[in-house]
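One letter stands for each residue in the lines below.
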Amino acid sequence: MSNSATTPSAAEAELAVQARQAPERSTGYWAGVWKRVRRDPVTIFCASVLLLMLLAIVFAPLIAPHDPYQGSMIRRLRPIGTPNYILGTDELGRDMLTRLLYGGRLSWFMGITPVALAFVIGTVLGVLAGYAGGKTNMAIMRVTDVFYAFPSVLLAVAISGALGAGIMNAILALTLVFIPPIIRVAETVTTGVRNLDFVDAARASGANAFTIVRVHVLGNVLGPIFVYATSLISVSMILASGLSFLGLGTKPPEPEWGLMLNTLRTAIYVQPWIAVLPGACIFVTSICFNLVSDGLRQAMDVKS
Amino acid sequence: MFFYLIRRIAYGIPIALAVGFVCFMLVQIAPGDPINAIVPPDAPGDLVEQVRRDYGLDKPLPVQFGLWLMKVVQGDLGRSLASGRPVWSDLSSAIGNTLMLAAAASILGFILGCVLGGLAGTFRGSWLDRVAVTIAVGGVSVPHYWLGMVMVVIFSVQLNWLPAMGAGPGGSSDWVWDWEHMKHLILPTVTLSVIPMGIVTRTVRGIVAEIMNQEFVTALRGKGLTRGGVFLHVVKNAAPTALAVMGLQLGYLMGGSILVETVFSWPGTGLLLNNAIFQRDLPVLQGTILVLAMFFVILNLLVDLMQTALDPRIKRN
Amino acid sequence: MRLKKFLMTACLAALPVLGASIAQAQGTLRIGMTAADIPLTHGQPDQGFEGNRFTGIPLYDGLTMWDLSSAEKPSVVIPGLATEWAVDANDKTRWVFRLRRGVKFHDGSDFNADAVVWNVRKVLDREAPHYDPRQVGATATRMPTLRRAEKIDDYTVALFTAAPDSLLPINLTNLFMASPTHWEKLRAANANAEATWNAFARDPSGTGPFRLTRFVPRERAEYARFDGYWGTKAKLDRVVILPIPEANARTAALLSNQVDWIEAPAPDAIPQLRQRGMVITSNAQPHVWPWQPCFAEGSPLRDVRVRRAINLGIDREGLRTLLGGMMSIPVGTVPRGHPWFGNPSFNIRTDKAEARRLLAEAGYTPQRPLTLKVQISASGSGQMQPLPMNEFLQQDLKQIGVNVEFDVVEWNTLFSNWRQGCTHASARGAHATNVSFAAMDPFFAMVRFWDSKMAPPVSNNWGFFNDPRFDAMIAEARNAFEPAALNAALARLHAAGVDEALFIWIAHDVAPRAMNPRVRGYVQPQSWFVDLRLPFIQ
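Residue numbers (the working numbering), protein chains in the order written: chain Z, 1 to 304; chain Y, 1 to 317; chain U, 1 to 538.
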């Protein structure tokens, strides 16, 4: 994630270049993107993994073998491979597989929601700043710069810390953390597109700003912004679980990967592999999102 | 160039003020009466009144901000609710420790990132490239506090090679650059360095690949420039951006070290923040965040200036 | 000439290395505590009794102290800086204490009646120049009836209470004597009293068996043996105390030889600790780990049926399994057979059917279930393993249809909130608080919770319990200066408290500690405290 106050990051620069160079994005263009993605084995593999995970956690109530809240003292910390408890049990005797499945719901929710919210709010503000230019641009971008002055972890912790623990507070904090980078990217990309020929032509033909944005600009900018946003999901998941790890996000007994990492810390001496399982889940999800995002960006890069 | 410098610094001042305002607001957004956030619960009535006057808690928000700001500028960041000590005294020792950790992690991440990124960019498309990129992506995808826990299990508990926590036998105030102390630094540094490593790798890879692709490099090679000469050329062109990224990572790590410091009980600003959050010690929380954010703002400024100085081709708008 | 200089330099360079190894040979004990910060060192520690244990008793003494020399016998109050005391037969609010002679503070000044008066004034006299409001909270709540002290002569002092109180000598174990001379010296160099106390905390002077030699806030405190101590000298040369609030980090620190002794190891780590040769110690403790109910309007725990139901609904055996056996099962504040146990009719046990019945009687149905909010901490002195334990209780009580929600705060915060009461903002609407407490004296075990006059801010009746019957029983106990009468009165009080289910009794701690086998001579008394004069490093 970039953190500079004025220098665009490598990602943003790349996106700006893309935006400037791409012709108006037609269906042909997107078909091309899809074709390129299809031929990229890494992206396809990761996307499949993510899809599988998503299905698993959405259908958790149907496929989970046990109740995520029901534990038993005699079944504490059973190892992986125990019959009926295939991934072992946690410190209160709850089935790990079940907890991981249900935990995925909250972890994904806390990972994706802030990015989704930030995507909407950030795109609106960023496109506005990029298209309107002038004073509006200055106002929006300077406020963005202020939030950029905080490293993301610090800002998330600060807001969560001040508001207090809780899922909603954590989501609010994370959304605020992700809005500035999306505004940045949206503004850069929009500025790049605004000056292109076909937009000038549209302006000359008398169309009003709103129509121009809707018809010509959005189609071209949403793609790169969306791809950038997907690269933020992994950061969001790690931050959200980090907040829970610190005790600021989810509260017990809700299953959530970050919180589970926290509560399983003492199990490291008895069943170290179980203690690392939630972290492995976060890692796999995160790396897949990153690789998919990378693959998408490469596919959209006409130059290479 | 000079005017750019002045403009850039002047531009930094409203940012700094705004950052201060955000920190100031932290106490206001916390649930409950702000007065409970800054005085201990069993404070006597006259102390409460004193604080109310000092911080103007009955006055409108802009006035309160002004009063708070005046105190901050004079170095008074308030008193810790928990210990009664001035915030600045705890903060100043913690900052040194975090800076040490962040600097070590940035440098390690930078070195690894340059090596991996350089290799990947030079041999773009090969298996080496893919391996390097995967390592880089892994670095930014792994929850680093989890990685820290795993490393403690392996290196401290199982193998007993390295200590699990703390900043040395005499504590951080006794720091000496000897093995007894440095071994405490190893695990946290490695844990914290994975993120900058990933980011630097990707950055350097992109730059190196771009440079290597450029036609004039081929031309130079054609003219008989040796491998070494090309290497130097690449380094010269890649350096400004790479160094800028490292500098920013340093700032990012300073601010974002809380998770790693919690795992290793490293006595830095992150651990201070952690304790402050749990103790609802808002003066410490506020003061620490303010100082870290300011550090980041100044660091950004320095990096910007350095980049401009090193590479005047970079456009400023 | 050059050779001599070279040799001198070489010797000087070698000294630190030699010095370090010499210190090791004679005994430096490194302790990992559960507190997140060094407890206050100016005489009145915070962080609960872990503070008293590590920055109170080692550095200071009180007029009275606890006998910590035996693991088999219960720990009782013995003379400390006072050699004898008695209440005035004509005026039961006046006590006369005779002070020990020849006692010196660490700074060399004498301990005498002036010092006692000065120390009483530091928390009770607002007009005193050295009055410290920050020390009042932790101190005054532990001796709520003390009013003032008066010097009779250099080694005799009179203490006055607001009402007759037989418990005063026990309370005085909490008032540690700081050196007025040293304080005055620091006052000259500091702007005001508050700054002076901060300076005093960095450079304290008490009469205890150790002296503070180094203090790094939030990181470590180092002590050296005080060879001018009035009693049996300590065996150790140095003690280092380190705050390590996280159980895993403590265990890892012991295993990697960064510390020699840790408080409260994670129960799950105990098998591995034993396997690596560490010694695990534990002992019966006068300790109670409860949920303390709020009796204010709107709290569901006002209803005695609800309180009894929760007591019956908890599977304490299951909890003991969670803790690897490191707990004992309560039937009240004190165990059966204790002179204060009495004869309660309510039998605390696990009986979920009866619990459900009581809840139904109190009006709770599956459509309208009981929801309890409890304020807990993540760690802390005597708190055992709060998060897993509470999570277990949450799950356990679900079986009788009770939903439990937690508000997790930091230990010192929970402990300070304890003095504010359940109606205060700091409680954040909690119906119960999970603060563990010591039960070694009647005031600590019962009086401060069940006396309506002990409601905040006076002391720890957090729930604002108010019942004239109990007030009467307590007054009776306070006026019983004769031991047998006192025990009988306390037994009646305890039985009544159990019958009314004034606590949700959950566990008694056994204070597990893990130590490196090179720590010898350690004795674990039946007390929250430990005598650090006894151990040494082999």
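Read the hints as simulated data drawn from the structure, not as lab findings.
Treat the hints with care, as some may be off.
As the list claims (entries may be wrong) - Derived DEER-like restraints, expressed as beta-carbon distance ranges: (1) U:A353 to Z:I74: 17 to 25 Å; (2) Z:I44 to Y:A239: 32 to 40 Å; (3) Z:L52 to Y:Q28: 44 to 52 Å; (4) Z:V58 to Y:Q28: 33 to 41 Å; (5) Y:E180 to U:E297: 56 to 64 Å; (6) U:G325 to Y:E180: 34 to 42 Å; (7) Y:V51 to U:T93: 35 to 43 Å; (8) Y:V235 to U:A189: 39 to 47 Å; (9) Z:I44 to U:T281: 24 to 32 Å; (10) Y:A239 to Z:P79: 47 to 55 Å; (11) Z:R39 to Y:E180: 50 to 58 Å; (12) U:T371 to Z:P272: 30 to 38 Å; (13) Y:Q28 to Z:P272: 42 to 50 Å; (14) Z:P272 to U:A353: 35 to 43 Å.
The model shown is predicted, which means the values in this text are computed figures rather than measured ones.
Virtual Cβ for every residue (Gly too), placed ideally from N, Cα, C.
Going down the list of hints, with the structure as the test:
1. One distance hint, 17 to 25 Å for the beta-carbon pair U:A353 and Z:I74, holds here, with the actual separation near 21 Å.
2. At about 37 Å, the beta-carbon gap between Z:I44 and Y:A239 stays in the expected band of 32 to 40 Å.
3. At roughly 45 Å, the beta-carbon separation of Z:L52 and Y:Q28 lies within the given 44 to 52 Å, and the hint holds.
4. In this structure the hint that Z:V58 and Y:Q28 lie 33 to 41 Å apart at CB holds, the actual value being about 39 Å.
5. One distance hint, 56 to 64 Å for the beta-carbon pair Y:E180 and U:E297, holds here, with the actual separation near 60 Å.
6. The hint said 34 to 42 Å for the Cβ distance between U:G325 and Y:E180, and at roughly 38 Å that hint holds.
7. Here the CB-CB span from Y:V51 to U:T93 is close to 37 Å, well matched to the stated 35 to 43 Å.
8. One distance hint, 39 to 47 Å for the beta-carbon pair Y:V235 and U:A189, is violated here, with the actual separation near 57 Å.
9. Distance hint for Z:I44 and U:T281: a CB-CB separation of about 59 Å, inconsistent with the stated range 24 to 32 Å.
10. Between Y:A239 and Z:P79 the C-beta distance comes to about 51 Å, which sits within the given range of 47 to 55 Å.
11. At about 55 Å, the CB distance of Z:R39 to Y:E180 agrees with the hint of 50 to 58 Å.
12. Here the CB-CB span from U:T371 to Z:P272 is close to 37 Å, well matched to the stated 30 to 38 Å.
13. Range check, Y:Q28 to Z:P272: about 44 Å between beta-carbon atoms, so the 42 to 50 Å window is met.
14. Range check, Z:P272 to U:A353: Cβ separation about 40 Å, and the 35 to 43 Å hint holds.
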